[in-house]
Amino acid sequence: MNTITHAPLPIGDLLAGCTLGRVQSVGRMQVLPLLGDTCDAPAVALPTDLWIGTSGYGTLTFVNHTPDVALVPCHLAVIVPHSAQDHAMPRAALVEPSDRLAFDAAMCVQQTQSGLITEAAQPLAVLPLALRAAASASSDTDGYSRLWPAVQRFNASSGLAETGNLVLFLKHFAVELERFVAEFECVEDQVGAVVLLDGEIAGIERAPSGAYWSAMWEPLIRSCYGAEALRYGLHDPGDPPPSRTVLNLPGGDGAAAGDPYDVLAEALRAADAEEQRRAERTLDDAGAHPMAPNPEHTHAGVTVGRIESERYVGAYATGGDRPIYASLTARSFGG
Amino acid sequence: MTEITRALSAENPARAEAAATVVRFLDVAVAATGRASFYNTRDEQLALEQDAHRAMAALDRRLYANLVCSPGATDRSRQLGVLHLLDTPAHEDDGTAVYDAVAALTVPRRLKLFGLLAERRVNNARVRRLILRTVLGSGSLELWSVRYRVKLAAALRHAWGLRLSGILRSILAKRLAGAELDPKERRVLAREIDRWAADPAVAHECVAFVLGADGPYTLPLPLAYRAARTDLDAGAALPFETLEGLRGRFHPAEKPARALESTADRLTVGQRLAGQRQAQRAGVEVAVDLDRYDAVRLYLYAFATGMTDDVAAALDRRATAGAAGLDVAGRRIALVLDGSASMRGGTDQPLRPIATVLALRDALRAAAGQCHDVWIGGVPDGRLVRPAGATAAAEGLVAALRTGAELIVVIGDGYENAPAGRFAQVLDAARTLGIAVPVVQLSPVLAAEAAGLRGYAPDLPLAPVHRPEALELAWCRLMLTIDPAAAVPALLRLADLEVTG
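Each protein sequence line maps, in turn, to chains A and B. With the numbering used here, the residue at position 137 of the first sequence is 137, and numbering never jumps. Take any residue in the second sequence, count from 1 to its spot, add 335: that is its number in the numbering used here.
Treat the hints as calculated values from the structure; they're not laboratory data. Please note that a few of the clues may not be correct.
Where chain A lies over chain B, by a calculated footprint (3+ residues, C-beta under 8 Å) [to be verified]:
#: 1; segment: 459-471
#: 2; segment: 766-772
Computed spacing ranges between beta-carbons, pair by pair [claimed, not checked]:
#: 3; chain 1: A; residue 1: A288; chain 2: B; residue 2: A771; range: 18 to 28 Å
#: 4; chain 1: A; residue 1: S214; chain 2: B; residue 2: R464; range: 53 to 63 Å
#: 5; chain 1: A; residue 1: G251; chain 2: B; residue 2: R627; range: 35 to 45 Å
#: 6; chain 1: B; residue 1: P443; chain 2: A; residue 2: D140; range: 55 to 65 Å
#: 7; chain 1: A; residue 1: A255; chain 2: B; residue 2: R789; range: 26 to 36 Å
#: 8; chain 1: B; residue 1: D763; chain 2: A; residue 2: G258; range: 16 to 26 Å
Backbone N, C-alpha and C define an ideal beta-carbon position, used for all residues, glycine too.
Pulled out of the complex, with its shape left as it was, chain A reads as follows:
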């Protein structure tokens, strides 16, 4: 059992209890699934169970109607279809059972829109990867408009108007993002993923349960990692490699290697094993990297807090002294 303290915490410990699934690779992006058995973890309500609204500019409200503590995911973005100013979270937070949280350090991500979000079940999104480090680094005292400069840079770097309106990007690239979601698949027993871009870890996500992961999978793939892969592609429009590893026949044509079906099967096995090995090795290399946890709120045995190092920033949660949640973003993808 791993006990989390204020002492530096290696990334490997945050992923304790998880095993690795088969890597999925499309273009520049790879998803290494984290699989886990969460049946004895503390019950945590899903973000989709929450009613979310804004009670003022910079204040996101969360209503938890369930009997379990709810974990608001790090960098959650609430992008609503009606005319109201969309907001996002700078970190993770807990909402106690059958209770309401007014989080007054939220950030506006729609500079050009006024109006409050009516409290209700809302569609979920996560801030684009390039904005997450800036969101974590921002100071609560800088007000609800503090993310606008980063959103402006993000839009401009995507070839759009330099405005602090994230919806501009999400609407402009809606079809492409929708298509991107179809590229990757959630697998059985999945509770998280390590996401790599061009072979580098871009983010590490771990959820408290399979259901929680299923609820967050699409928001993460679409608006967080999909947005970054898309923006990357705009800067480097050359075709991405079809796969990171290439299937090679022995001797080039496999002619002298024996039964052609056996040769083919072995060449495929070797290429796929190399694809998996490269992704796992990247994670292994990061496994000992120490993170500095900073616990902020505890309820019913669940603790949530910020966590950071010179390479990654984000949030984590423990339940019964075991890691149950992590959402880390590589600072190098900070726009």
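Given chain A, work out where chain B should sit, using these hints.
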């Protein structure tokens, strides 16, 4: 010898172009929806479709006219086919193609087609005859007049023009009020309505109803429609969606179950299947005739309510029927079937992709001499397979190659992630190793996605299928890329033309 037989014969130096024209048309015929895609705007899409129709009609108009009537063509393609045939000079070979294509459309699509004719201002004697004969000659005109009142009125106004429609409405209102018509008015009714009508008396009342005359009416459905505005129970004879519409508009305080209770014995095939859960919740018993559903709907039904012996038997009958048009008896086939998580489909039509995969599997199994199944992902659940896992298509291909099949059919959406591109690498390597077995792909897609088809390898022959009836047409399209001459008999059979040398 038909035009197409000549065009696709080995002696024709332009054979490749002819085959490409047919392939392009079949792609459009089985998949066109007219909606914008990831790649094309709606207008670009329409231009591509129209170009494919024009080229195919120029190659063999008789075959073209018959193909747009074939069961695999989408309603959209039938609509465009009728538009093309009516907007170009008539040809002696056209025969009854226009009427056959219109008859093959569902009633709402027929009325949409008439709307398109009006929108494009296609209005010649053939068009007027088509609309009036189709509408007024229908034995279901009374039912149509309450179910599709507004669209029917638009179609008739296009055929008659606004002025004549107004005159007819006045004459019919006078007649309904019991007044005597003068000889001129009787001649107008005889010329414009009676000569097309299956039952002139019914047609008079229905036309008056859809054109908005006040009545009084004697036919049960127009009478019920008028009465239901003030008393919902008086509309019990109306179709479900009509009564539900009246409930929502004139009786918003009544629950939707009221309309379902009143109309449970008259639901359409689709409504019965779709409404099973609602009916169960409302405590209303709705009988289901399984043989009236296609295989995809049967699988969706089985996913929702469980696979019973009755459903399995109905699926077997569907598979046998679907296999009849595939020329693969005596061939050894291997199927690579995508059961990965993405085959769950979207929230608008959940599980439809995997239901289509299962339906196509059944038909190909029934058609082939020998058949091996290789699944990519998926969790077997009796005859069903529940979507799960990543898409490791290349492993499926290697397993299929090992079976010694003469033809490998991959049925999947073309999305590959373990890793992307590996399938193409394996296929290239297989060719390098001298493994030459043909590999083709059927892509089970929702109609809206058909334009953005994705193959597992760049040069893999690929055909979209979004319903089992389209399998024969899709199969023919795949065979055209492998052996054009061998595809001719299938083309002619599809077009219901005589197969000759």
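- Which hint numbers doesn't this structure obey? 1, 3 and 5
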